[in-house]
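Going down the list, the sequences are from chains V and U.
Using the numbering used here, read the first sequence as starting at 1 and increasing by one per residue.
Using the numbering used here, read the second sequence as starting at 1 and increasing by one per residue.
It cannot be assumed that every hint is accurate.
The calculated lysine-lysine pairs, modelled on BS3-like cross-linking and capped at a C-alpha distance of 27 angstroms, are [what the hints assert, rightly or not]:
hint, chain 1, residue 1, chain 2, residue 2
1, U, K447, U, K51
2, V, K52, V, K118
3, V, K118, U, K46
4, U, K447, U, K517
5, U, K46, V, K136
6, V, K118, U, K51
7, U, K455, U, K100
8, V, K318, V, K195
9, U, K154, V, K136
10, V, K136, U, K378
11, U, K517, V, K136
12, U, K51, U, K154
13, U, K378, U, K511
Bear in mind the hints are in silico, worked out from the structure with no lab data behind them.
In case you want the letters, here they are:
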Amino acid sequence: MTGTDGAEPGTAVETHAPKPVSVGVAVISDDAVENPGFPPYRPRVSDLDPAKERQNERRIFWLFLASMVGSVLAVVAYIVFPIHEGDMGSVRLNNLFLGLGFALGLLGIGFGAVHWAKSLMHGHEEVEQRHLTRGKPETVARAGEIFTIANEESGFTRRKLIRNSLIGALALAPLSALVIFRDFAPADNPVTLLKHTLWEEGVRLARDPSGAPIKASDVTLGSVFHVIPENLHESSHPLEEKAKAAVLLMRLLPEDLNVSEGREDWNFRGIVAYSKICTHVGCPVALYEQQTHHLLCPCHQSQFDITREAAVIFGPAKRPLPQLPITVDEEGYLVARSDFHEPVGPSFWERSL
Amino acid sequence: MSTDTATATTAAPAAEQKAPPGPGMRFVNWGANYIEDRTSLSGMVKELGRKIFPDHWSFMLGEVALYSFVVILLSGTFLTFFFQASMAPVIYEGAYPTMKGVEMSAAMASTLDISFEVRGGLLMRQVHHWAALLFVASIGLHMLRVFFTGAFRKPREINWVVGFLLFILAMAEGFTGYSLPDDLLSGNGLRIIDGMVKGVPVIGTWISYLLFGGEFPGEAIVGRLYMLHIMLLPALVIAAIGVHMILLIVNKHTQFAGPGRTQENVVGAPILPVFAAKAAGFFFIVFGVIMVIASTVTINPIWNYGPYDPSPVSAGTQPDWYIGFADGMLRLIPPHLETEIFGFTFTWYILIPIVVLGLFLVVVALYPFIEGWVTGDKREHHIADRPRNAPARTAIGAAGVTFYAVMWAAASSDLIATHFRLSIEWVTHTLQALLILGPIIAYLVTKRVCLGLQKKDREIALHGFESGRIVRLPGGEYIEVHEQLSDYDRWRLVSYEEYAPLMVRPNTNGKITVSTKLRGALSRWFFEDRIAPVTRAEIEASHHGH
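Just chain V, with the same shape it has in the complex (with noise of 0.2 angstroms):
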């Protein structure tokens, strides 16, 4: 952390003259231990041993062999263990004895260069001397003196004007490509985009991905049904509508309901309608516990009373799931009598306004 200052003109050679360490809160103890120095070297056997030298050497040649064996094996692997079209099988075999063969091929070379080198390349142990991270004082003092130099000759600190007016060019000049991003989205505003969905009054309820409309007498009493609107197929953007529009469709006993003020008309004979998408991160709310009438988020664990308009019983997430207004048409049909009358999925800044 030395030297900071050297922006100044001039200061950069003074700075950088080399200064006493400081230990700061370190012990010096003038009895510690002395450092014994190195101790004598341990041959191994194959320094003593010329038989065990032959040994090695023959292991590390088999182990080289073994690369080859195994290298060519891959190439025999990837001719004799085709891929059949359909035949998983097939896939097996070729993944597993290509994988074995390159394996075998990879680590003959791996054992065998470690092999050598440990047993019968030159044991003893090297010594280098480090020196200081930091260059010599000359050196030091000479970078200093060409940043001195070059300011002198450039003018720099000297001429401030054009200095900082550079400055000020730089800092603008990545700023004004920043403008360019906005078109990585199309030209609508999401905020809009985010509050409404493709359910609205009349829109049928329908299967989840077949598509067929529900008739309401098919919702027995337990039941649970993965529902998109009907018309989800004929939008322009199926997967971001689903992704909005997805809902769980259940049937409980009216009493078990506990409906508040203004959704007296929201479900049909005991059927409910929520939105499937999480209120916490938006993932799928997709594991329904039929005796308890808990909604569980699988991902993080968030869950939600069916009976209580599915409030935030545990988990991260703090609001209930919206619900999707229903009723019935002329032919039984469930459907939606409005859109949801919030936003739904993960929360965002401008949700509520």
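Following the hints, position chain U against chain V.
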């Protein structure tokens, strides 16, 4: 490294050759001189060829990371020749029977084609995925090694930060790659990212909208992540590895204390030939082990998950292991943390995890500077500490590891609950308590264990070790004979740095500044409990005692 190897094996014998060289050697000599005349490469060989690398098993962890990255580059390049980074909807008509006729993105369909129609395609996918998991894991372990041995101290603080950036980049590489096949599992991962981004105040909604090229999931994200995954992020990783290696060479490697090893030298094997042979051999071993795993163990079977669809999800969804800590933090936040202020929504259950994770990572990145400030020690440190000899640091590390581990476990809270037949509520509440208490307990226990081990070391250094030989003295008394250590063995136990708490004193203006007080408090926390290294006088006294 490979160029050095090639040049040096050719250049070195060329200089020493006495007998008239054979045709092969004449060609090698000619080649070496040809290159030398045009590159002056001999200077580099002279500088680096006999550079010394100390040896210790824990120094391999960084090598594993480096080599698995090479494996990732090789296997990933193969995959790019087949993969189509497009979310355009297609009807799958490929070889996998159960998916025939299913609508999916071109990305998913081409991933299935790589798996089921290209010979070796599935193998390369699995090599790539396993190598990526190993890459992040080995970086993590390498960081822990560097942390617990204090190898981040001056002059290596900057290299610690570069390594930290590599860890972040590796996770980013992993996540972007994991998302590319556009399968159900990774799509739900992106959905979670989308939900988190939307929870960021002011800009979140727009950032998500721009990132996904419209509303989630859009048709842009796979192509965009692909560009990041195969170009921008790898370029940054390679650049950071370059800086990491250059600083490694400039600073030279640390070494553990041992007889003859000092702060001023480095003891070990020279690059040519021993270290190069071991390192290159080890590359092939790492590659080979990844290959064995990839050929025998399935990873990421996207054909079981199906294409991404915002409506279905499978129970027990799990991210790749290295994202688990972030996902776990999302699960551990207490319920109902969201407020509206002037109509704006503050999503605390997103913001708090982001801030907590951010702070955790910032502390990790800045730790070398914090410890350096507390000790005030400006000397260079080249002898790696044994973890027990820096009890406070080791305890802080253990607390950090525990904190991470609890978050990580929380990412599997549902699987823990189902496997051990516990309620999810109980598991979550237990992990919430452990997130706070676990690090504290780990800190206290680790510190005591370290001090205990230091005492044991001191005991052995002074009085030797129990030989197991029981001797009956003439008076009838039985004693166990203690054998003294050799000077070489003792040196490993007694050569470590000792620090004492800072004596807080007024500065030249007669004032005790807040920062001095803080430094004093921190250094008391670090160094109040300490075991001093054995001194010569103590050794002599112990010898006379017997």
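Going through the hints against the structure:
1. A distance of roughly 37 angstroms separates the Cα atoms of U/K447 and U/K51; the hinted pair therefore is violated under the 27 angstroms criterion.
2. Of the supplied pair hints, the one linking V/K52 and V/K118 holds, its CA atoms being roughly 13 angstroms apart against a limit of 27 angstroms.
3. A threshold of 27 angstroms between alpha carbons decides the hint, and for V/K118 with U/K46 the separation of about 24 angstroms falls inside it, so the pair holds.
4. Restraint check: the Cα-Cα separation between U/K447 and U/K517 comes to about 24 angstroms, which is no more than 27 angstroms; the hinted pair holds.
5. A C-alpha spacing of about 20 angstroms is found between U/K46 and V/K136, which places the hinted pair at or below 27 angstroms, so the restraint holds.
6. Taking the CA atoms of V/K118 and U/K51, the gap is about 18 angstroms. The hint holds against a cut of 27 angstroms.
7. For the suggested pair U/K455 and U/K100, the alpha carbons sit about 68 angstroms apart, so the restraint of at most 27 angstroms is broken.
8. For a cut-off of 27 angstroms, the pair hint linking V/K318 to V/K195 stands: about 18 angstroms separates their Cα positions.
9. For the hint pairing U/K154 with V/K136, the CA-to-CA distance comes to about 18 angstroms; that is within 27 angstroms, so the pair holds.
10. Taking the CA atoms of V/K136 and U/K378, the gap is about 18 angstroms. The hint holds against a cut of 27 angstroms.
11. Restraint check: the Cα-Cα separation between U/K517 and V/K136 comes to about 36 angstroms, which exceeds 27 angstroms; the hinted pair is violated.
12. A distance of roughly 21 angstroms separates the Cα atoms of U/K51 and U/K154; the hinted pair therefore holds under the 27 angstroms criterion.
13. With a CA separation close to 24 angstroms, the supplied pair U/K378 and U/K511 stays within the 27 angstroms bound.
Violated hints, listed in ascending order, are 1, 7 and 11; each of the other numbered hints is respected by the structure.
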